[in-house]
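Q: The chain contents come next:
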Amino acid sequence: MANYDPSFAREVFQNVDFGEEIKMCMQCGVCAASCPLSTEMDYPPRQVFTLIRAGKREEVLNCNSIMLCTSCYTCKVRCPRKIPVVDVMHGLAHYALKQGFVPRRQPAVFGREFWAQVYKLGRIDEKDLPRRYFFSEGLVAGIKGTLDFMDVGLRMLLHKRMKLLPERKIKGIQSLRKMLDKAERMGKGGAGA
Amino acid sequence: MKYFLYWGCSLEGSGKNYLASLEPVAEVLGMEFEEIEDWNCCGASISYVGAGDLAIKVLNARNLALAEAEGSYDIVAPCSSCYIQMNKVNHEIGEDPELASKVNACLAEGGLKYSGKIRVRHLLDVLYNDVGPEKIREKVQKPLTGLKVGGYVGCQSVRPYGEYDSVEKPTIQDELIQAIGADAVPFPNKMKCCGSGIFLSEIDLCLTLVKNILGDAVAHGAQLVSTVCPMCAMNLELYQDRVNKAHGTDFDVPVVYLTQLMAAAFGLDLKRGAALDCNIIPPEGLIKAAMG
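Chains A and B are the protein sequences, given in the same order. Take the first sequence: its position 190, counting from 1, is numbered 190 in the working numbering, and each next residue is one higher. Take the second sequence: its position 152, counting from 1, is numbered 152 in the working numbering, and each next residue is one higher.
This is chain A alone, in the form it adopts within the complex (with noise of 0.2 Å):
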């Protein structure tokens, strides 16, 4: 049995969204029964937070489970001690991926042009987003996720379901970027206001 190695959890404390929460973590594995895709998990909930607590950094930063939550919440609502477990998911999971850390490779790059795709336009393009997650991998992969989805595409253009215009930038694009650059110099773990 490993023992116990605080650093990693101060780190965590420190840097992670909603990191000091796993504090108040019991262990009793609510979330891990009530999670719709903790079997494809390489740890549940519970057992990423004992992770934290044993200083398991690179198991912990590196592990598919906090990049598999899909904000269902329902580990949220069952918790007994009241930790919003899918925040502190995804505050694992940013933190990973800032550090370098790549926990599940897809969800990274579709979320990377979400929300590039969010800073850019303030909204997000509902045409333009899969093609650009398609084609980010170059352009081999592009063709293929494009050819693989056309299918979806035709019939939701053939039921008037794509917006045919490109979405525009939001009148205050310029000021929205302001407010969230600041945000994230204000943030945890940023480089302060």
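I should point out that these hints are in silico values taken from the structure, not numbers from a laboratory. Warning: the hint list may mix true and false statements.
[Said to hold, decoys possible] The calculated label-pair distances, taken between Cβ atoms and stated as ranges, are:
no. : chain 1 : residue 1 : chain 2 : residue 2 : range
1   : A       : 5         : B       : 1         : 54 to 64 Å
2   : A       : 6         : B       : 250       : 21 to 31 Å
3   : B       : 135       : A       : 138       : 48 to 58 Å
4   : B       : 1         : A       : 6         : 15 to 25 Å
5   : B       : 248       : A       : 151       : 12 to 22 Å
6   : B       : 292       : A       : 144       : 47 to 57 Å
7   : A       : 106       : B       : 188       : 23 to 33 Å
Glycine included, every Cβ here is placed at the ideal spot set by N, Cα and C.
Position chain B against the provided structure of chain A, taking the given hints into account.
A: Frame of chain A; chain B shown alone:
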């Protein structure tokens, strides 16, 4: 009854049948909507990849601040993800004044401020609590008699806050289904996640989740499934042939927005009012048969 309607990024695209049926239904029910001028995306459930928590809060607080400067109506979010993202800011700044001042310090970069006065509500909440099943029943011209509807609740329309319905045993959507003359078919997996934002990046996992939801709905006798979220609607409807291929199932279950069923029951045109032509798995046959 006047509200800000927060469109979100889906309602003009993949959720077209939601908006197209919501608008005429709202008119019948005497609800009036105003768009929040220059609103931005809520960030949905995947923004954590690119942004820290404070930035995601500020993104949502901008919409709330814009609404607050424009009027004092409640915001109605038809999309569950938009609803929860904006609502989360309200809850968290309400509990934490220090966070409220941080959020406002960021909003000030764009000359905005938010005092926390705008309520964010899901469409389902407003339909049930402001309009009410009684009034909805009164407006029904063509009850959907005998139509067995699996009311799929999904995740973020009630979790985590459970402001208007139980987080474990929600009933409101079923009550509204009954109000328009159809039979609500409760099924245990109506609260299970559809996969939401991992629909492209983790498609195999998403297909399994969709299979478990549809399989349960069908096993309990549902002929079609209704939803109140564009993401749920898309995952449950669009992926059925992929689910069938991957899991050897034979799903062909129409997935409609609750507002589409309401529009049909109110006697509105099935295309122009209920936007049934936007559905990929056609629900007309079942709905027409129920209307008699």
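Q: Now look at each hint and say whether the structure bears it out.
A: So, going through the hints one by one against the coordinates:
1. A beta carbon spacing of about 58 Å between residue 5 of chain A and residue 1 of chain B agrees with the range 54 to 64 Å that was offered as a hint.
2. Distance hint for residue 6 of chain A and residue 250 of chain B: a CB-CB separation of about 55 Å, inconsistent with the stated range 21 to 31 Å.
3. Against the hinted window of 48 to 58 Å, the Cβ-Cβ separation of residue 135 of chain B and residue 138 of chain A comes to about 55 Å, which satisfies the hint.
4. In this structure, residue 1 of chain B and residue 6 of chain A break the distance hint of 15 to 25 Å, their C-beta atoms being roughly 55 Å apart.
5. Between residue 248 of chain B and residue 151 of chain A the Cβ separation comes to about 19 Å, which falls inside the hinted range of 12 to 22 Å.
6. Between residue 292 of chain B and residue 144 of chain A the CB atoms are about 49 Å apart, so this pair conforms to the stated range of 47 to 57 Å.
7. One distance hint, 23 to 33 Å for the beta-carbon pair residue 106 of chain A and residue 188 of chain B, holds here, with the actual separation near 30 Å.
In the structure shown, a violation is registered for the earlier hints numbered 2, 4, in ascending order.
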